[in-house]
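S.K.: With the hints as constraints, model all of the structure from the sequences given.
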Amino acid sequence: MKTPFSITLFILICGAIATCFISNTCISLSDKIGHTITLSASVGTMIAASFAIYAYWINLRAFKVSQKPKIRIAALNGQGNVVDNNVLVAENVHQTLFDYKNLGSVDCEKLKLKAQIDFGDGYQKIPNLFEEHYLLQAEDDRARRIPTLRFLQNQFPNTNIEKAIIGSKLKFECCFSSLDGKEKKSLEYIWSEFGWQIL
1 MKTPFSITLF ILICGAIATC FISNTCISLS DKIGHTITLS ASVGTMIAAS FAIYAYWINL
61 RAFKVSQKPK IRIAALNGQG NVVDNNVLVA ENVHQTLFDY KNLGSVDCEK LKLKAQIDFG
121 DGYQKIPNLF EEHYLLQAED DRARRIPTLR FLQNQFPNTN IEKAIIGSKL KFECCFSSLD
181 GKEKKSLEYI WSEFGWQIL
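My numbering puts the sequence shown at residues 1 to 199.
These are computed hints drawn from the structure, not numbers from a lab. Predicted model, so just to flag it, every value in this text is computed and none were measured. Warning: the hint list may mix true and false statements.
To be verified - With a straight-line Cα cutoff of 25 angstroms, these simulated SDA-like cross-link-like pairs (lysine to any residue) come out:
no.	residue 1	residue 2
1	LYS184	ALA75
2	LYS185	ALA138
3	LYS163	GLU91
4	LYS114	GLN137
5	LYS101	ALA143
6	LYS169	ASN158
7	LYS110	HIS133
8	LYS171	GLY104
9	LYS185	GLU173
10	LYS182	SER105
11	LYS185	GLY104
12	LYS64	GLY181
13	LYS112	ASP180
14	LYS184	ASP121
15	LYS70	LEU97
16	LYS125	ALA74
17	LYS184	GLN153
18	LYS68	CYS175
19	LYS68	LEU135
20	LYS101	ASP141
21	LYS70	LEU179
22	LYS114	ILE73
23	LYS169	GLN153
24	LYS101	LYS169
25	LYS184	PHE130
26	LYS101	PHE63
27	LYS112	ARG144
28	LYS110	GLY181
29	LYS112	LEU97
30	LYS114	LYS163
31	LYS110	GLN137
32	LYS112	ILE198
33	LYS169	ASP99
34	LYS114	ILE166
35	LYS70	GLU183
36	LYS182	GLN153
37	LYS68	GLU91
38	LYS64	GLY104
M.R.: In structure tokens form, the structure reads like this:
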């Protein structure tokens, strides 16, 4: 509430200066009274208008917040079996679960998800992981699960993943649009003996 009070103080100071100017002019007393009344009415109108505009701005900001999707992302550790063409390939291997949720009451259109990994020479995008964009409806909860070592080895065939993943970093990020413009969130993790640990 500091903004409208600051504007009100400024208007009152200007009104006081204008009143002093009117009182020192060489016009009749009736004209001075008339001008002072008109000035007072104008000052009151401007003060009321400043509060009305500020209230509108507050309501508009609250509306924008209410219409904003509330996206939460996380990369989680899990265990599971690897099945290829209905054939069990491996049992109880580490899996990475890319979890993304819309906790708000507004749909999130064109949600973009991206995961990058750094084996020590800079972040590079993990391909074939997400679609170009998603429609994530209100209160929708989804996840993309991958067998960590196997999936990364397939995407980076020239890298020895079992060695390279030690101490590597994972960045999981999302980007979406709202009434406030584009928003971006990201989380970083590091690989340890327990899997991904958030930084």
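S.K.: Each hint: holds or not?
M.R.: Each hint tested on the structure:
Taking the CA atoms of LYS184 and ALA75, the gap is about 16 angstroms. The hint holds against a cut of 25 angstroms. Between LYS185 and ALA138, the direct Cα distance comes to roughly 18 angstroms. Compliance with the 25 angstroms bound is thereby established for this hinted pair. Our distance criterion of 25 angstroms between C-alpha atoms is met by LYS163 and GLU91, whose separation comes to about 21 angstroms. Proximity of LYS114 to GLN137 is assessed by CA-CA distance (about 19 angstroms); at most 25 angstroms being required, the pair is judged to hold.
For the hint linking LYS101 to ALA143, the alpha-carbon distance of about 8 angstroms falls within 25 angstroms, and the restraint holds. Simply put, LYS169 and ASN158 have alpha-carbon atoms about 18 angstroms apart, close enough for the 25 angstroms limit, and the pair holds. A distance of roughly 5 angstroms separates the Cα atoms of LYS110 and HIS133; the hinted pair therefore holds under the 25 angstroms criterion. A threshold of 25 angstroms between alpha carbons decides the hint, and for LYS171 with GLY104 the separation of about 24 angstroms falls inside it, so the pair holds.
A C-alpha spacing of about 5 angstroms is found between LYS185 and GLU173, which places the hinted pair at or below 25 angstroms, so the restraint holds. For the hint linking LYS182 to SER105, the alpha-carbon distance of about 18 angstroms falls within 25 angstroms, and the restraint holds. A threshold of 25 angstroms between alpha carbons decides the hint, and for LYS185 with GLY104 the separation of about 16 angstroms falls inside it, so the pair holds. Note on LYS64 and GLY181: the hinted pairing holds, with a Cα-Cα distance of about 10 angstroms set against a maximum of 25 angstroms.
Between LYS112 and ASP180 the CA atoms are separated by roughly 17 angstroms; this keeps the pair inside 25 angstroms, and the hint holds. With a C-alpha separation of about 24 angstroms, the suggested pairing of LYS184 with ASP121 holds against the 25 angstroms cut-off. Of the supplied pair hints, the one linking LYS70 and LEU97 holds, its CA atoms being roughly 20 angstroms apart against a limit of 25 angstroms. At most 25 angstroms may separate the alpha-carbon atoms for a hinted pair to count; LYS125 and ALA74 meet this at roughly 17 angstroms.
For the given pair, LYS184 sits about 28 angstroms from GLN153 by alpha-carbon distance, which is inconsistent with the 25 angstroms threshold. Taking the CA atoms of LYS68 and CYS175, the gap is about 13 angstroms. The hint holds against a cut of 25 angstroms. Distance check on the hinted pair: LYS68 and LEU135 sit about 14 angstroms apart at the alpha-carbon level, within 25 angstroms; holds. Only pairs whose Cα atoms come within 25 angstroms are accepted, and LYS101 paired with ASP141 is accepted, the gap being roughly 4 angstroms.
Between LYS70 and LEU179 the CA atoms are separated by roughly 13 angstroms; this keeps the pair inside 25 angstroms, and the hint holds. For the suggested pair LYS114 and ILE73, the alpha carbons sit about 11 angstroms apart, so the restraint of at most 25 angstroms is met. For the hint linking LYS169 to GLN153, the alpha-carbon distance of about 16 angstroms falls within 25 angstroms, and the restraint holds. Distance check on the hinted pair: LYS101 and LYS169 sit about 23 angstroms apart at the alpha-carbon level, within 25 angstroms; holds.
Restraint check for LYS184 and PHE130: satisfied, since their Cα atoms lie roughly 16 angstroms apart, inside the 25 angstroms limit. Between LYS101 and PHE63 the alpha-carbon distance is near 22 angstroms, which keeps this suggested pair within the 25 angstroms criterion. Restraint check: the Cα-Cα separation between LYS112 and ARG144 comes to about 14 angstroms, which is no more than 25 angstroms; the hinted pair holds. The suggested pairing of LYS110 with GLY181 holds, with an alpha-carbon distance near 13 angstroms, which does not exceed 25 angstroms.
With a C-alpha separation of about 17 angstroms, the suggested pairing of LYS112 with LEU97 holds against the 25 angstroms cut-off. Distance restraint check for LYS114 and LYS163: the Cα-Cα separation of roughly 23 angstroms lies within the 25 angstroms cut-off, and the hinted pair is therefore satisfied. With a C-alpha separation of about 11 angstroms, the suggested pair LYS110 and GLN137 falls inside the 25 angstroms cut-off, and the hint holds. Annotation: proposed proximity of LYS112 to ILE198 holds, straight-line Cα distance about 21 angstroms (limit 25 angstroms).
Annotation: proposed proximity of LYS169 to ASP99 holds, straight-line Cα distance about 17 angstroms (limit 25 angstroms). Distance restraint check for LYS114 and ILE166: the Cα-Cα separation of roughly 21 angstroms lies within the 25 angstroms cut-off, and the hinted pair is therefore satisfied. The suggested pairing of LYS70 with GLU183 holds, with an alpha-carbon distance near 11 angstroms, which does not exceed 25 angstroms. In summary, the hint linking LYS182 to GLN153 is not supported, as the alpha carbons are separated by about 33 angstroms, beyond the 25 angstroms threshold.
For a cut-off of 25 angstroms, the pair hint linking LYS68 to GLU91 is broken: about 41 angstroms separates their Cα positions. Using a Cα cut-off of 25 angstroms, the hinted pair LYS64 and GLY104 holds, with the two alpha carbons roughly 13 angstroms apart.
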